[in-house]
Amino acid sequence: GAVVSQHPSRVICKSGTSVKIECRSLDFQATTMFWYRQFPKKSLMLMATSNEGSKATYEQGVEKDKFLINHASLTLSTLTVTSAHPEDSSFYICSGERYNEQFFGPGTRLTVL
Amino acid sequence: QQQVKQSPQSLIVQKGGISIINCAYENTAFDYFPWYQQFPGKGPALLIAIRPDVSEKKEGRFTISFNKSAKQFSLHIMDSQPGDSATYFCAASRSGGNEKLTFGTGTRLTIIP
Numbered sequence: 001g002a003v004v005s006q007h008p009s010r011v012i013c014k015s016g017t018s019v020k021i022e023c024r025s026l027d028f029q030a031t032t033m034f035w036y037r038q039f040p041k042k043s044l045m046l047m048a049t050s051n052e053g054s055k056a057t058y059e060q061g062v063e064k065d066k067f068l069i070n071h072a073s074l075t076l077s078t079l080t081v082t083s084a085h086p087e088d089s090s091f092y093i094c095s096g097e098r099y100n101e102q103f104f105g106p107g108t109r110l111t112v113l
Numbered sequence: 114q115q116q117v118k119q120s121p122q123s124l125i126v127q128k129g130g131i132s133i134i135n136c137a138y139e140n141t142a143f144d145y146f147p148w149y150q151q152f153p154g155k156g157p158a159l160l161i162a163i164r165p166d167v168s169e170k171k172e173g174r175f176t177i178s179f180n181k182s183a184k185q186f187s188l189h190i191m192d193s194q195p196g197d198s199a200t201y202f203c204a205a206s207r208s209g210g211n212e213k214l215t216f217g218t219g220t221r222l223t224i225i226p
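Protein sequences appear in the order of chains A and B. For the first sequence, position 105 matches number 105 in our numbering, and the numbering has no gaps at all. For the second sequence, position 54 matches number 167 in our numbering, and the numbering has no gaps at all.
These are computed hints drawn from the structure, not numbers from a lab. Among these hints, one or two may not hold up.
[To be verified] Straight line, CA to CA, 25 Å or less: simulated DMTMM-like cross-link-like pairs of lysine to aspartate or glutamate:
| id | chain 1 | residue 1 | chain 2 | residue 2 |
| --- | --- | --- | --- | --- |
| 1 | B | K170 | A | E22 |
| 2 | B | K118 | B | E169 |
| 3 | A | K42 | B | E169 |
| 4 | B | K184 | B | E139 |
| 5 | A | K41 | A | D88 |
| 6 | A | K64 | B | E212 |
| 7 | A | K42 | A | E63 |
| 8 | A | K64 | A | D27 |
| 9 | A | K64 | B | D197 |
| 10 | B | K171 | B | D197 |
| 11 | A | K41 | B | E139 |
| 12 | B | K171 | A | E63 |
| 13 | B | K184 | A | D88 |
Assemble the whole structure, with the sequences as input and the hints as a guide.
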């Protein structure tokens, strides 16, 4: 149990376009989901915490207007990277919380050309 | 106050040997200490976790040792196998819902034949 999926697994887009990444908890309900960003050979950097039905809480330095997070249901959270630029290229990972433990999705590799 | 220090940065162990990764934390409010395993291009997977009411937890070949007074915890991988080659992250958080994880910097483990 405690499976989290992400879609898409890879996305390549042109600079200036917006990209939406979906995070789903497949076999549990996640009141809280977390979004992370990971650079090559680095640790995970928390971007925001999202709670179902309420606004996300963003970490210091994360642009909330650029990284839009919606947590519309107990099994789905989305991250939209608006007006993406090459510096937004990264590995984005979500996690869902179940019984105070975090279970991570497989990640989404975003490449902005 | 929020840091989790992890060492070593990289580790090479012979097949069949014991792999040991160490972490130290500063925030005494932390009471949940998970370890995650991450393969290249994948999301982290929860390996094993401990809470401070016990000093050791074992699951198969994986053991967490916890020293509350020293604010340190470690992961031991017994009989290390080539399939264990991955990056390992320790983390810490407070219990309760909606609590964010503070991650260590990661250890790249390589098991050689």
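So, going through the hints one by one against the coordinates:
As the CA atoms of K170(B) and E22(A) are separated by approximately 35 Å, the hinted pair breaks the 25 Å bound. Distance restraint check for K118(B) and E169(B): the Cα-Cα separation of roughly 20 Å lies within the 25 Å cut-off, and the hinted pair is therefore satisfied. Our distance criterion of 25 Å between C-alpha atoms is broken by K42(A) and E169(B), whose separation comes to about 28 Å. Pair hint K184(B) plus E139(B) holds up; C-alpha atoms about 7 Å apart against a cutoff of 25 Å.
With a C-alpha separation of about 17 Å, the suggested pairing of K41(A) with D88(A) holds against the 25 Å cut-off. Between K64(A) and E212(B) the alpha-carbon distance is near 20 Å, which keeps this suggested pair within the 25 Å criterion. For the hint pairing K42(A) with E63(A), the CA-to-CA distance comes to about 21 Å; that is within 25 Å, so the pair holds. For a cut-off of 25 Å, the pair hint linking K64(A) to D27(A) is broken: about 29 Å separates their Cα positions.
With a C-alpha separation of about 38 Å, the suggested pair K64(A) and D197(B) falls outside the 25 Å cut-off, and the hint is violated. Of the supplied pair hints, the one linking K171(B) and D197(B) holds, its CA atoms being roughly 16 Å apart against a limit of 25 Å. Proximity of K41(A) to E139(B) is assessed by CA-CA distance (about 24 Å); at most 25 Å being required, the pair is judged to hold. Under the criterion of a C-alpha separation no larger than 25 Å, the hint pairing K171(B) with E63(A) is inconsistent with the structure, at around 41 Å.
Taken as a hint, the K184(B) and D88(A) pair is broken in the structure, with Cα atoms around 36 Å apart against an allowance of 25 Å.
Against the hints set out earlier in the document, violations occur for numbers 1, 3, 8, 9, 12, 13.
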